[in-house]
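A.B. asks: For the sequence shown, position 32 matches number 32 in the working numbering, and the numbering has no gaps at all.
Source of the hints: derived by calculation from the structure; they are not laboratory data. It cannot be assumed that every hint is accurate.
[Stated by the list, open to error] Restricting the straight-line Cα-Cα distance to at most 27 Å, the calculated cross-link-like pairs of lysine-lysine (BS3-like) are: (1) Lys7 to Lys93; (2) Lys115 to Lys7; (3) Lys115 to Lys24; (4) Lys93 to Lys115; (5) Lys93 to Lys24; (6) Lys7 to Lys24.
[Said to hold, decoys possible] Simulated restraints on C-beta separations: (7) Asp41 to Ala72: 31 to 39 Å; (8) Ser12 to Ser48: 14 to 22 Å; (9) Tyr57 to Thr86: 26 to 34 Å; (10) Gly50 to Thr8: 34 to 42 Å; (11) Asp96 to Thr8: 29 to 37 Å.
Just so it is clear, the structure is predicted and the values come from calculations on it, not from any experiment. For each residue, glycine too, the CB sits at the ideal point set by N, CA and C.
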Amino acid sequence: MAVNYAKTHAGSHSQGRCAEFTRKAIQAGGITLGHTYHAKDYGPMLRSAGFTAIGTYEMPREGDVIIIQPYAGGNPSGHMAIYDGTEWYSDFKQRDMWAGPGYRAARPSYTIYRKN
């Protein structure tokens with residue numbers, strides 16, 4: 001299952017490989033995605049795999065995937081993570097959906113995707 005993969009492979013801190021780790025978790029759940037270098041560019045691939053964007057007012061559910069756009073002065077790749085129903089995981093176990101203090105302060109645009 002995707003979230004189990006994410007939980008067992010996440011490190012204690014960011015390794016700069018959020019897209020790779022999240023993509024591999026999704027694939028462990030039986031969904032094949034294409035590859036792209038930047039996390040910010042995975043939205044179309046998620047949609048092609050049957051994910052749909054949910055409203056920002058909706059509570060995330062287990063298996064939801066977030067794509068966060070880059071912010072000025074931050075990583076130009078943006079960020080990608082998967083939700084286990086309680087916590088967000090990428091290449092590390094996150095404190096919240098924001099991947100770190102820069103994202104938390106800048107609050108760039110994001111989309112949460114759900115597989116129906």
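A.B. asks: Could you run down the list of hints and mark each one as holding or not?
C.D. replies: Hint check results:
Proposed proximity of Lys7 and Lys93 is supported: the alpha carbons are some 7 Å apart, at most 27 Å. About 19 Å separates the Cα atoms of Lys115 and Lys7, which keeps this hinted pair within 27 Å; it holds. This hinted pair checks out: Lys115 and Lys24 have alpha carbons roughly 16 Å apart, not beyond 27 Å. Distance hint between Lys93 and Lys115 is fulfilled; the C-alpha atoms sit about 22 Å from each other, no more than 27 Å.
Note on Lys93 and Lys24: the hinted pairing holds, with a Cα-Cα distance of about 15 Å set against a maximum of 27 Å. For a cut-off of 27 Å, the pair hint linking Lys7 to Lys24 stands: about 12 Å separates their Cα positions. The hinted range of 31 to 39 Å is not satisfied by Asp41 and Ala72, whose Cβ atoms lie roughly 18 Å apart. A hinted range of 14 to 22 Å is violated for the C-beta pair Ser12 and Ser48, which are about 33 Å apart.
A hinted range of 26 to 34 Å is violated for the C-beta pair Tyr57 and Thr86, which are about 20 Å apart. A hinted range of 34 to 42 Å for the beta carbons of Gly50 and Thr8 is inconsistent with their spacing of about 24 Å. For Asp96 and Thr8, the Cβ-Cβ distance of about 21 Å falls outside the hinted range of 29 to 37 Å, so the restraint is violated.
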